[in-house]
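Student: Residue-level listing of the chains:
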Amino acid sequence: MNDLFDKVRAGKFRAIARLISQIENSPAAALAAVSALHRYTGHAHIIGITGPPGSGKSTLVNELAKQWAAKGVRLAIIAVDPSSPFTGGAILGDRVRMQELAQYDNVFIRSMASRGNLGGLARTTSTAVTVFDAARFELILVETVGAGQAEVEIADAAHTTVVVETPGMGDEVQTIKAGILEIADILVVNKADRPGAARAMKELEMMLHMGKSSRLGGNGQSDSAGEESRAGVEAWHIPVLQTIANEGQGIAELIARIDDHYDYLKASDEWLEREKKRSRKEIEAMLRDRFMARFQLNVPQELREQYVEAIVKRTIDPYTAVDRLVDGFGG
Amino acid sequence: MEGQKPRILIGKPGLDGHDRGAKIIARALRDSGMEVIYTGLRQTPEMIVNAALQEDVDAIGLSILSGAHMTLLPRILSLLTENDMEDVPVFAGGIIPEEDAQTLLELGIVAIFGPGSSLKEITSSVWKIVERE
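Taken in sequence, the protein lines are chains A and B. Residues in the first sequence are numbered from 1 upward in steps of one, following my numbering. Residues in the second sequence are numbered from 1 upward in steps of one, following my numbering.
It should be emphasised that the hints constitute simulated quantities derived from the structure, not laboratory data. Cβ atoms here follow ideal geometry from the backbone N, Cα and C, with glycine treated the same way. Careful, some of the hints might be misleading.
As the list claims (entries may be wrong) - Okay, the calculated beta carbon distance ranges per label pair: (1) Gly67/B with Glu305/A: 36 to 42 Å; (2) Asn25/A with Ser117/B: 49 to 55 Å; (3) Phe86/A with Glu99/B: 50 to 56 Å; (4) Ser78/B with Gln67/A: 29 to 35 Å; (5) Ser124/B with Asn246/A: 51 to 57 Å; (6) Phe329/A with Gly114/B: 40 to 46 Å; (7) Arg39/A with Glu99/B: 54 to 60 Å; (8) Glu82/B with Asn25/A: 52 to 58 Å; (9) Glu82/B with Thr87/A: 31 to 37 Å.
Model the full structure from these sequences, guided by the hints.
Tutor: Here is the structure:
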């Protein structure tokens, strides 16, 4: 196993691919990988790209990656797609839109299925990020479908979160509900050649402005104009950009803003804050899984089923049932 | 839903542009519980092997309707060997005459599905292929 970790740290693609498969298939392998590799991480810039289906994320990722790859940047792309809740299978088709990246040996693309995780990412996505970070990839792009609350999960895992919208897709209420303004560091209106692009941008800008006057801002930063973060650096103002990804338009500007955000994180103490937030969220998710697994191991299925039947018969209510189960478990 | 799930690459090497069959197979495999990395049309052998490597797939399924199977499939097999991936089973479907199919099976393609194969047959064969590993 140590041999595999050494090869991963040396950046060998085959070893990286193998290790990620092992991590997906076995919690024990995931544990071993993280234990061995965590200390070598912390260097990569992790960029989350999310947005509703049909917003053109994969095409956008392809265009971004092309430019970075041509400059020699070592970059990894993790493309997450949803698993069918009924069959457990998935079609992972994001590579189709990234054909042009095949020629670069400094680009690694890995498709992952969400495998029942409702937050948009796979449970093992953050472990895959650890692997790429330890393998010295400079940029790790994580691309996932965001729909409503699902977008929050990617923001927890990334340093820079880019939210992609398209003209005429969501309406104002949708956007507020979905909370994208809480999690976005950069907003992009893609397919900006479509009617309604200018309006979409105005709406987003307006909502950002409204948001500023009514709250302190998400992700631990103040975004009142002119205020400084703790380290005396001017606060980050969320830009709203336009792109036409399939024509390569607006990409250079987007890259510049992503670089700006990285510089901002490093210059202020936000990088450290984001790292802490990432770790906090990661441990929370693992704790939830661990407690649940322990519970399921220790409390027999038959007992749980008895409670289910009692709930349906209305001889006990769900809250009391859970109280009893947890008490019995020693919670 | 956690734990082992077979990962299968489905793609079309060469210049043939008819992807309906490949998409139908991809969906059928998904519906049977597999994760299908669908790479689409106009793949070179190098692109297919590269993708298979990065995705660490359990099997590769190729659809060829152009007649170029005798050039493409052996090339893919040899690239897999070069990349230390000769243990990754490759199956193929499309328009492949019986004689050629025989030759290809001898060269190391594990299964060839002619136009008459049912989805049920193909799905269960692919499960057998990955379970053999």
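Student: Can you tell me whether the CB distance of Gly67/B to Glu305/A sits inside 36 to 42 Å?
Tutor: For Glu305/A against Gly67/B, whose Cβ atoms are near 58 Å apart, the range 36 to 42 Å is violated.
Student: Looking only at beta-carbon atoms, does the pair Asn25/A, Ser117/B fall within the given range of 49 to 55 Å?
Tutor: violated (29 Å)
Student: So does Arg39/A sit 54 to 60 Å from Glu99/B, Cβ to Cβ?
Tutor: Hint holds: Cβ distance 58 Å, inside 54 to 60 Å.
Student: Tell me if the beta carbons of Ser78/B and Gln67/A are separated by a distance inside 29 to 35 Å.
Tutor: For Ser78/B and Gln67/A the Cβ distance comes to about 34 Å; the hint holds.
Student: Could you check the hint for me, namely that Ser124/B and Asn246/A are 51 to 57 Å apart, CB to CB?
Tutor: violated (39 Å)
Student: Taking the CB of Phe86/A and the CB of Glu99/B, does the distance hold inside 50 to 56 Å?
Tutor: violated (42 Å)
Student: Glu82/B and Thr87/A, beta-carbon distance inside 31 to 37 Å?
Tutor: Distance hint for Glu82/B, Thr87/A holds at roughly 35 Å.
Student: I want to verify a distance hint. Is the separation of the beta carbons of Phe329/A and Gly114/B within 40 to 46 Å?
Tutor: violated (56 Å)
Student: Take a look at whether the Cβ-Cβ distance between Glu82/B and Asn25/A falls inside 52 to 58 Å.
Tutor: Since the Cβ atoms of Glu82/B and Asn25/A sit about 26 Å apart, the hinted range of 52 to 58 Å is violated.
The earlier numbered hints that this structure contradicts are 1, 2, 3, 5, 6, 8.
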